[in-house]
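Colleague: Protein chains in written order, with my numbering: chain H, 1 to 72; chain E, 73 to 302; chain L, 303 to 532; chain C, 533 to 744; chain W, 745 to 956; chain R, 957 to 1203.
To be clear, the hints were calculated from the coordinates, so they are not data collected in a lab.
There may be inaccurate statements among the hints.
[Unchecked claim] Taking lysine-lysine and the DSBU-like style, the derived pairs with C-alpha atoms no more than 30 Å apart in a straight line are:
{"hint": "1", "chain 1": "R", "residue 1": "Lys1108", "chain 2": "W", "residue 2": "Lys756"}
{"hint": "2", "chain 1": "E", "residue 1": "Lys153", "chain 2": "R", "residue 2": "Lys976"}
{"hint": "3", "chain 1": "H", "residue 1": "Lys57", "chain 2": "R", "residue 2": "Lys1108"}
{"hint": "4", "chain 1": "L", "residue 1": "Lys528", "chain 2": "W", "residue 2": "Lys817"}
{"hint": "5", "chain 1": "H", "residue 1": "Lys57", "chain 2": "C", "residue 2": "Lys605"}
{"hint": "6", "chain 1": "L", "residue 1": "Lys383", "chain 2": "E", "residue 2": "Lys298"}
{"hint": "7", "chain 1": "H", "residue 1": "Lys42", "chain 2": "E", "residue 2": "Lys90"}
{"hint": "8", "chain 1": "H", "residue 1": "Lys42", "chain 2": "R", "residue 2": "Lys1108"}
{"hint": "9", "chain 1": "E", "residue 1": "Lys298", "chain 2": "C", "residue 2": "Lys605"}
{"hint": "10", "chain 1": "E", "residue 1": "Lys90", "chain 2": "R", "residue 2": "Lys1108"}
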Amino acid sequence: MQFSSFAEFIDMGGYGFYVWLSFGMATLLLVLLVMNSLVSNKQVKQRIAKQQARQEKLKRAAKQQAQLSQSS
Amino acid sequence: MMSINIPSYRQAFMLMLKRDLTIALRHKDDIFNPLLFFIIVVTLFPLGIGPEASTLSRIAPGIIWVAALLATLLSLDRLFKADFADGSLEQMMLIPQPLFIIVLAKIIAHWLITGLPLIFIAPVLAVLLHLNENSYGALMITLLIGTPVLSFIGAIGVALTVGIKKGGVLLSLIVLPLYIPVLIFATSAIDTAAMNLPYSGQVAIIGALFFTSFTLAPFAVSAALKVSTN
Amino acid sequence: MMSINIPSYRQAFMLMLKRDLTIALRHKDDIFNPLLFFIIVVTLFPLGIGPEASTLSRIAPGIIWVAALLATLLSLDRLFKADFADGSLEQMMLIPQPLFIIVLAKIIAHWLITGLPLIFIAPVLAVLLHLNENSYGALMITLLIGTPVLSFIGAIGVALTVGIKKGGVLLSLIVLPLYIPVLIFATSAIDTAAMNLPYSGQVAIIGALFFTSFTLAPFAVSAALKVSTN
Amino acid sequence: MPSSNALLHADKLTCIREDRILFEALSCQFNQGDIVQIAGPNGAGKTSLLRILAGLSQPFEGEVHFQNQPLHKNVELYNQNLTYIGHLAGIKGEMTAQENLAFYLAMQGLPPHAAEQTLENVNLLGFEDALASHLSAGQHRRIALARLWQCQKPIWILDEPFTAIDKQGVKNLENLFVEHAKQGGCVILTTHQDLAIDAQLVKTIELEYQLV
Amino acid sequence: MPSSNALLHADKLTCIREDRILFEALSCQFNQGDIVQIAGPNGAGKTSLLRILAGLSQPFEGEVHFQNQPLHKNVELYNQNLTYIGHLAGIKGEMTAQENLAFYLAMQGLPPHAAEQTLENVNLLGFEDALASHLSAGQHRRIALARLWQCQKPIWILDEPFTAIDKQGVKNLENLFVEHAKQGGCVILTTHQDLAIDAQLVKTIELEYQLV
Amino acid sequence: MWKWLHPYANPEITYHFTGKLTPWFTWLSIILLAIGLTWALLFAPADYQQGESFRIFYIHVPAAILSMSIYVGMAIAAFSGLVWQLKLADASAAALAPVGAVFTAIALITGAAWGKPMWGTWWIWDARLTSELILLFLYLGVIALHNAFEDKALAGKAAGILAIVGVINIPIIKYSVEWWNTLHQGATVSKFGKPAMSADMYWPFLFCFFGFAFFVAAVTCLRFKTEILSRNSMRPWVKALVKEEIK
Ligand code: HEM
Ligand SMILES: Nc1ncnc2c1ncn2[C@@H]1O[C@H](COP(=O)(O)OP(=O)(O)OP(=O)(O)O)[C@@H](O)[C@H]1O
Ligand SMILES: Nc1ncnc2c1ncn2[C@@H]1O[C@H](COP(=O)(O)OP(=O)(O)OP(=O)(O)O)[C@@H](O)[C@H]1O
Ligand SMILES: [Mg+2]
Ligand SMILES: [Mg+2]
């Protein structure tokens, strides 16, 4: 252990701002990357699901129309 | 069967603004690209000139403003060109509301998409170029009042060249000379600020340019569009 | 009824070159505009930075080369955009000769129209910026070998973005980073020349870039066009 | 003299393009209930005439009157009563079919949510959320034409509305025109196809192709 | 199996745009002397099919064969035998009608001075020196079509060639197609108008509009 | 010759295979980073010249090295995609680009935050720093181009061409160090075999480096799966899979 107190740890020998800026920004960017990856994964799945739903809706509409034209 | 319920001027303005912003936001690139162009152009100069901090700091205001000019210039095409090519512009000229309302909305949308982001990124670039610390305030103020002027003046240029097949460089010829006053007073304000002197005189002039272009440009643009689409 | 008399590769190349030059010469603007843009951008700097001869002379190589980069960039659109929009590009892809021949002809036409004039006007602008007297030779040589590289690399960028509605600024984002090596070595050569030192090393590198891009770019462009028009 | 119920009348129009006289001293009038087809071979000047009638270009000589007032005196009122769809459709490829239509409807003061319903009329059900640039030539044009189904404006000026539209689509449009004319509107159009509308309802203005 | 005199045959083509299957496992063949109309409503996939046949886009699955060789194996030879004219005509507005045509003729190895004569065929006499951008919609398209009159290539793929063309123009084109087919060529085209060609000469491939 | 690649060129098999790998990478990365970062922040000794600011090293250097390796990996993937028509290679290139861009940004930011106390300035136009900045631009260009195409298969091809062309830039810029004076430190850790630094600094660095490397692997796998899905959205197995997952 290089530090004797928590305050000393935070201060980093006077370089606290720069060290924590680096670690903070790195963490932030990595977290954003992970979130973006998860979100876009979900979005793609939702897009596919939505498309499927619409296709099914259209399929039903087409079937109905076919039945109507048959009965008339 | 007379038509009913024509949207008010304000409604028409808002509709147009929303449409243009939607199109820009659809491709998010549209916002990031002029910004990136701005950043890349600024970085080209240290690469071409060399890394000495003293030289860079001396020419920083000029570089940032020239880059802002060029970034606006390159994004101007979006203002009317696409609308002209697909016939939307024709339709806009047939809208019951006066054309300058539509034009105003389009110009403001353009500034929101291209001018505003520049202002946010400029301080970072100023750091890279070692801009004098006293100058940051002046840089921000001049950009805030100056970039709308660029959009307004640029709109006139695009409106004049919209009917010509390849307006790309012709546009710059028309527009850049008109941008020169903004460039001169803005950089002068930043240089003055670096020496810790008051720069309100230059800002006042840019402010005057802003109000003039804000009130007159939409009419000039409308007139120019009518000529271009005839 | 098999087809007869297909033009040779050389004939097809010449036909394409002639067609592009005709179109450019039809609007004489096409030649003067990049040139004027170049001149205006260069003159913006003394306006933005101030007229001190020592500063200007220090930054002259950088400014001239950055302006050349931007002038080429702005004129790139002409390479394929118009042809794409009116369906000519489609027709070119169906020509019996391999696509890279057509592409090569178009790129060379582009350089003749935009790159070559820059070389003639550059010395005049160098005088305006008080370029060091020893540097003129280096300036001319780097422009002569460097601007074709700009056209070749730029063509790849346009080919990639030609199908995208608003490639304007995206193009710069793609192309400018690729231009940076040319910029660095060219300005470095001019700076070295100013100190009366030999600059053949830098010129050799630009020469290598020239040959690489000359041989590879047409193929990259053809591949990119096939993707863009799919 | 134009009769009193003339919505629009053209007074001795002359149009000269590239030193060629397309038409000279052309007078005509458009009443409520008219369907007028401007006919003529390629290059006769149909598009030029329609653009003059819509106020988009100025004639070399002569004037267009709307409700017996010269056009330039009351452009705004005229634009409130006019729908013009030209060779170019005015559809943004970056917006979806629905957004495109909603914009034009909103500009007429109609609620944007009518758009989805209207798209059904032109058989674009299922393409509401497709970007217009991803549609076929005919579907693209259908977006532009869709607004006619909601249109309250009496004067329609349509330059080759049937371009790229399939047969069923053409039939629907023709029915719409008849409907519109019956309700007191006026349709001015060009097309190189034969109209399948009762010949009594259609007036034709024949533009000749003048070589000199 | 395609018969031996098949110029071109498509083998189980599937095309998917925007997750919609336009056609699936479509096989067809085009022989010398055929005039084939690809029919179908807007958005059925006619243009997509023609572009695949012309080698301009890749099918999702399947392959096109020219003289029993897959297309990508001999693109150059195929292009020597193909003329494709799409929705966009490929005419430069900055060049005159004659220059535009001469360029395309020269690319086929024909002498450029044939251009003037050929323009007469499409009734553009007197417009040789007019910039293409100054012509009407129909005249513009006529420049593109003019090269067919000189065309030695057997395969013609034409996407809505009659767009904006007047009646006389359509008739001339139809005659040309019949002529070309008789000489052993093959014409593949789409149009929403009825062809006035002897029904025995025309084959039709019907694309259905598939909702899903 | 490329026949043996065939099973891996099947998107469905690759998708499931990647799905199996992801948790392994994730856990390895979490464990290695937890050990490495704790060690780096709490136990590693301070540098005798740079003091505690040296702890930035443990992020800066892995990020910088990864940023360049990822670019090379992306370019190789793009090249094989283009030459051998491997659609999945295009997809992996597309998955790598944003990851590389983030690590480049981290290298830049941490470098700047290190430069201020060490060199007294956030930024200088030194060859090493500049080349890293240009690398960021190259990444952004690839990403922007990828986003500009709607059709993801085309987008992958176009972005791939750009990535390959951009590779030419990398050696040129690296060797341009000779043309400029440089403040930035030369290779110390990346000299394989004989690290010129003490073991109690070197070990935590290795933990961090491999922790970040597995992080890259995990995120890339996730993005790769997304790319596969969006390129094969009309395949029945994708439809079934999506139906299963979204309920
Ligand atoms: C924005 C500023 C900076 C950037 C963009 C940057 C970039 C890089 C890059 C790209 C590398 C990888 C080199 C390679 O793998 O060959 C690297 C390594 C390194 N950097 Fe930086 N750096 C920056 C600032 C700093 C500062 C201020 C220091 C310390 C005073 C520093 C210390 C190091 C060290 C020690 C290495 C490891 C070198 C090795 O052994 O390979 N960097 N940096
Ligand atoms: N660029 C594109 N991107 C994505 N999807 C497209 C694109 N172009 C067309 N499509 C889709 O393919 C379908 C078929 O288009 P295509 O142009 O082949 O139709 P078409 O039969 O030629 O119709 P038309 O008669 O209107 O010309 C369209 O409905 C559209 O959904
Ligand atoms: N922009 C222009 N500049 C100069 N002359 C033009 C322009 N547009 C058209 N013309 C001329 O006007 C004539 C008529 O054009 P117009 O577009 O009105 O014809 P049109 O009857 O609509 O033909 P089409 O049936 O082909 O659409 C053309 O032959 C051309 O010579
Ligand atoms: Mg017309
Ligand atoms: Mg079509």
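Colleague: Hints first: check each against the structure and report whether it holds.
Modeller: Status of each hint after checking the structure:
The straight-line distance between the Cα atoms of R:Lys1108 and W:Lys756 is roughly 24 Å, inside the 30 Å bound, and the hint therefore holds. Taken as a hint, the E:Lys153 and R:Lys976 pair is broken in the structure, with Cα atoms around 50 Å apart against an allowance of 30 Å. For the hint linking H:Lys57 to R:Lys1108, the alpha-carbon distance of about 26 Å falls within 30 Å, and the restraint holds. Proposed proximity of L:Lys528 and W:Lys817 is supported: the alpha carbons are some 16 Å apart, at most 30 Å.
A distance of roughly 52 Å separates the Cα atoms of H:Lys57 and C:Lys605; the hinted pair therefore is violated under the 30 Å criterion. Between the alpha carbons of L:Lys383 and E:Lys298 the distance comes to roughly 26 Å, so the proposed pair stays at or under 30 Å and holds. The suggested pairing of H:Lys42 with E:Lys90 holds, with an alpha-carbon distance near 28 Å, which does not exceed 30 Å. A distance of roughly 17 Å separates the Cα atoms of H:Lys42 and R:Lys1108; the hinted pair therefore holds under the 30 Å criterion.
A hinted pair counts as satisfied when its Cα atoms are at most 30 Å apart, and E:Lys298 with C:Lys605 qualifies at roughly 16 Å. With a CA separation close to 28 Å, the supplied pair E:Lys90 and R:Lys1108 stays within the 30 Å bound.
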